[in-house]
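Model the full assembly from the supplied sequences, consistent with the hints where possible.
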Amino acid sequence: MTNHWIDYQHSDVIMAIGVNTAENHPMSMRWIDRARERGAKLISIDPRLTRTAAVADLWLPLRPGTDIALLGGLINYTIANELYHREYIVNYTNASYILDPGYYFADGVFSGYADGSYNRDTWKYELDEDGNPRKDPGLQHPRCVFQVLKNHYARYDADTVCKIVGCSREDFELVARTFCATGATDKAGNILYAMGITQSTHGSQNVRATGVLQLLLGNIGIPGGGVNAQRGEANVQGSTDMAMLYHILPGYLNMPQAKDHPTLADYNAKETPASSYWSNKPKFLISMLKAWWGEKATPENDFCYHWLPKLDGKNHSHIAIFEAMARGEIQGMFVWGQNPAVGGPQAELERKALESLDWMVAVDLFETETASFWRRPKADPASIKTEVFLLPAAASYEKDGSVSNSGRWIQWRHKAIEPPGEAKSDLWIADQLYKALHYHYSRGGVFPDPILGLNWDYGQGEEEPDIEKVALEINGYEIENHKPLENFTKLAADGSTACGCWIYSGYYNDLEDPPAKRRIREQKGIGTHADWAFAWPLNRRILYNRCSSDPSGKPWNPKVPLVFWEGGEWRMNDVPDFAWKDNPPENTAQSPFIMLPELQARLFSPGMADGPLPEHYEPAESPVHNVLSSQQNNPVITWWQGLGKLAAREEFPYIGTTYRVSEHWQSGIMTRNSPWLAEMAPEMFVEISVQLAEKLGISNGSQVLVSTPRGEIKAVAYVTRRLKPMQVGGKLVEIVGMPWHWGYRGLFPGDSANVLTPHVGDPNTTIPEYKAFLCNIRRA
Amino acid sequence: MSNVVLVDTQKCMACRGCQVACKDWNRLPAGVTKFRGTYTNPPTLQAHTWNHLVFSETDKGRWLFASLSCMHCNDAACINVCPMGALQRTKAGTVWPDTDKCIGCSLCAQYCPFQVPQVSKATNKMGKCTGCAERVSQGLKPACVATCPNGALLYGQRGAMLKLARERVEALRRQGFYEANIYGEFEMNGLGRIYVLTEMPAAYGLPEAPGYNATAWVWQLARRPLGTLTAIGLFSGLVAGFLRWRGERMQQRKGEYTL
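Those protein sequence lines, which keep their order, are chains Y and U.
Here the first sequence is numbered in the numbering used here, starting from 29 and rising by one per residue.
Here the second sequence is numbered in the numbering used here, starting from 65 and rising by one per residue.
It is worth saying that the hints were derived from the structure and are not from the lab.
Bear in mind that the values here come from a model prediction, so they are computed numbers and not experimental data.
Mixed in with the good hints, there may be bad ones.
Derived PhoX-like pairs: lysine-lysine, alpha-carbon spacing no greater than 25 Å straight-line [unchecked claim]:
#, chain 1, residue 1, chain 2, residue 2
1, Y, K380, Y, K69
2, Y, K69, U, K155
3, U, K124, Y, K723
Simulated coverage check for chain Y against chain U, where a stretch passes if three residues somewhere in it have a Cβ under 8 Å from a Cβ of chain U [unchecked claim]:
#, region
4, 45 to 57
5, 154 to 162
6, 547 to 553
Cβ coordinates follow ideal geometry from the N, Cα and C atoms, glycine included.
Printed below as a string of structure tokens:
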């Protein structure tokens with residue numbers, strides 16, 4: 029999140045799009061309700077009337093996969109009705125930048141498109157003689173970003189949008205009027221989002237669209253504003269911060285590529301921009317290398333850069349891994365607290381792919397569907413040669429450690445009880461794994477040096493490792509005396525500092541009183557709670573907070589001042605996100621976004637794989653044609669071999685979509701083993717409209733079969749008024765909605781929704797399109 | 065004045081924390097249920113389910129939520145009907161189930177207009193919400209109230225909760241919920257669990273005019289036969305006495321007008 033949970037209380041309008049806040053983040057409703065006590069409005073954009081929509085002030089039913097159409101419509105509404113915050117976009121964004129004449133957009137495709145991918149060379153600014161972007165602060169130049177944006181979204185008029193989204197003109201106008209009113213200088217609009225918009229073949233652009241809208245309305249960097257991802261798992265924020273994704277290193281540094289970055293100098297040269305705070309990248313990487321290889325990492329050997337694995341330029345995300353596994357290319361796999369047999373797309377393909385593994389190590393609280401894939405229904409264990417190890421893991425209350433929430437707050441958790449039986453903490457398992465590897469590599473093996481050279485000393489023998497040592501390493505310390513670093517401003521590129529994750533630096537900078545363990549509520553203020561845990565970066569609670577005041581330093585909303593200039597100095601209710609020291613407001617009035625080379629926010633962004641501006645495309649499987657352009661789908665999707673033939677509309681006429689309920693958790697292996705929870709939600713079910721049920725002769729509570737080209741599942745039908753058929757460009761379209769929490773293990777098994785979903789995903793992240801596909805349904 | 069639970073059904077998002085917190089605090093077992101085409105599960109309150117969320121879809125396309133539990137009625141059918149005195153009024157004003165005394169006759173289940181107490185087939189004892197007596201006596205809130213994330217469940221003095229309820233109804237009506245009303249102010253002489261509703265009670269599965277058969281007192285005979293008979297006897301005696309006196313007076317009057 030750019031902001032944080034408690035900050036919601038300052039919002040004037042909250043738009044929850046592709047997120048079911050009440051069902052999946054019920055605690056946050058407390059803060060949303062605080063805002064509503066002051067008259068704030070909650071808008072829910074969702075295909076179904078969820079528990080969030082049921083309590084919201086406005087609900088707009090939206091066809092799955094059409095979020096850019098809706099958001100583009102709101103962008104158009106904002107510009108056409110002059111509701112944008114003009115002073116904000118002129119000073120704080122690239123609205124005034126003039127684009128190179130080589131850039132164009134035509135019929136759904138941007139300039140530079142060839143052979144299924146984009147050459148982004150034309151997505152750039154026109155430069156003057158000094159190499160700086162030309163600008164028109166009057167926003168009139170036909171090629172300035174603002175005008176290009178205006179023209180692009182002029183195509184998203186209300187009628188077209190409603191035709192695509194399947195909503196009424198009335199609903200759209202009400203949402204637009206309500207939310208876009210937050211363009212007023214003293215109003216705060218908040219956009220909450222989650223998997224409803226990310227799990228799409230244009231998921232990244234969906235999020236970009238929320239960013240563009242919020243920048244136009246001046247809602248970034250202010251209390252109650254922001255683009256706020258409600259993350260789908262307790263510590264997924266921590267997991268991405270610590271790089272549990274193949275393409276990054278801790279703190280969102282890019283993984284080195286063998287081809288582009290053979291040496292450290294290559295990496296530093298190519299990855300380090302000239303401007304923005306990222307210009308300090310070498311300090312972050314080198315400090316990480318010092319943390320990993322300690323004394324072995326010296327300036328002479330490039331700090332062991334050559335021991336760092338390099339990428340081969342190919343996609344190694346979840347879908348890619350299982351595609352490779354299906355081809356027999358993967359020998360072994362650790363499935364560490366993950367259950368792809370239920371949570372992965374195209375589950376039957378993924379379950380079958382597991383059969384090709386020589387070995388699997390599953391680390392989990394229960395024997396999951398994945399760990400027991402070899403004896404799943406209809407499998408023949410005798411023909412499966414995989415050797416499977418199941419390591420029992422300690423649950424979250426049975427070990428110490430930090431958890432990073434969606435608001436970037438790193439909060440320490442204390443062990444409450446011992447794990448049962450032989451269950452161990454992940455830290456212990458990782459430590460023992462390292463010790464075993466070290467033992468074997470010291471007696472041979474290919475390229476043992478990177479393992480043997482690791483600076484790894486967290487515990488002796490089989491004792492529980494000291495997690496404080498890990499925390500100190502992540503925080504960073506001075507090499508000379510091992511003293512904790514204050515924060516990342518103290519990092520160096522000369523090998524004098526070590527730091528496991530630069531953005532976390534500061535969270536454990538005091539061994540007696542680590543900030544991550546602090547639990548002091550603020551007594552007065554605006555709800556920053558600076559002494560409650562540590563928010564990366566630097567305990568900054570609201571990012572981009574220079575934008576909370578005007579160029580002269582006066583707060584846009586004097587009732588909730590965040591960082592502002594008064595009496596000749598900066599006053600702060602948060603850690604400033606700009607160079608404030610000895611700098612009067614005018615010095616930073618055009619540089620509030622310190623992580624971008626422009627230092628101003630990007631309405632137009634050259635950094636995405638599929639376009640500098642969000643554009644509506646239909647999901648990979650859709651019941652209708654794209655009415656906006658002749659480009660049916662995102663033009664740079666990877667069509668994986670395992671996906672096979674897409675569903676034909678005639679055979680699979682209904683839109684399938686998946687989601688979660690309050691009562692179950694992810695793949696369900698914990699909650700379907702919890703009788704109190706299973707009592708409330710015992711069986712796999714699907715939700716269909718009254719009209720569809722009537723048409724197909726399906727009665728409420730009866731068994732149905734749902735199918736896609738990927739497979740078929742059985743479930744109980746919930747015939748509900750909360751789903752309605754939608755008029756989409758003259759065609760009546762029905763939705764079949766289903767939770768994805770069931771699998772063949774546990775006390776309360778059931779069929780998995782992901783048997784139906786497709787192996788296709790977003791071009792930037794490859795996140796699978798779980799939210800919109802085609803299916804059929806009939807009485808069982 | 066006793067404390068009551070205030071349930072704000074429009075604030076409620078049906079997270080069902082209250083349903084599970086009750087099970088957790090009271091160490092109640094879970095049953096095996098089936099999905100019957102509604103999120104409401106178990107379908108009714110049970111001897112081992114003392115609080116459950118009732119989900120109701122309306123014809124106008126709304127989805128209503130109500131955290132239903134024992135209403136702790138001021139005029140409690142169960143107290144009046146129980147032949148063993150197993151349902152008792154506490155100082156806190158709640159209705160306490162003294163399961164030791166219960167013989168599983170199910171009269172409470174039959175007479176309660178909300179179908180709250182249920183008898184377990186396994187134990188032949190009734191079970192229902194205890195008002196978290198052991199918690200409130202220590203200054204804690206009932207488990208359901210304590211767990212509610214956003215104040216849809218509140219607990220406090222009856223007067224204060226009713227005041228809050230009225231303010232909330234006002235605010236809801238201004239928002240366009242013209243049928244917003246309070247349930248439990250007068251029903252059963254006042255409920256210990258008061259509801260702010262946005263639609264008529266029937267929409268939530270609540271009885272519009274809850275009451276119970278006046279013959280309930282008959283069962284008291286089984287419980288306090290002597291006392292009841294004495295009461296009946298005294299009452300009859302008084303009635304008889306009055307009638308005789310009246311008759312004499314009438315005679316007297318008649319006599320006064322006779323010469």
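Against the structure, the hints come out as follows:
1. This hinted pair does not check out: K380(Y) and K69(Y) have alpha carbons roughly 48 Å apart, beyond 25 Å.
2. Proposed proximity of K69(Y) and K155(U) is contradicted: the alpha carbons are some 42 Å apart, above 25 Å.
3. For a cut-off of 25 Å, the pair hint linking K124(U) to K723(Y) stands: about 21 Å separates their Cα positions.
4. A stretch counts as covered by a chain when three or more of its residues have a beta carbon under 8 Å from one of that chain; for the region 45 to 57 of chain Y and chain U the count is 5, and the coverage holds.
5. Counting residues of the region 154 to 162 of chain Y whose CB lies closer than 8 Å to any CB of chain U gives 0, which falls below the minimum of 3, so the coverage claim is violated.
6. For the region 547 to 553 of chain Y, the assignment as covered by chain U is violated, since 0 residues bring a beta-carbon within under 8 Å of that chain's beta-carbons and 3 are needed.
Checked against the numbered hints given earlier, this structure breaks hints 1, 2, 5, 6; the rest are met.
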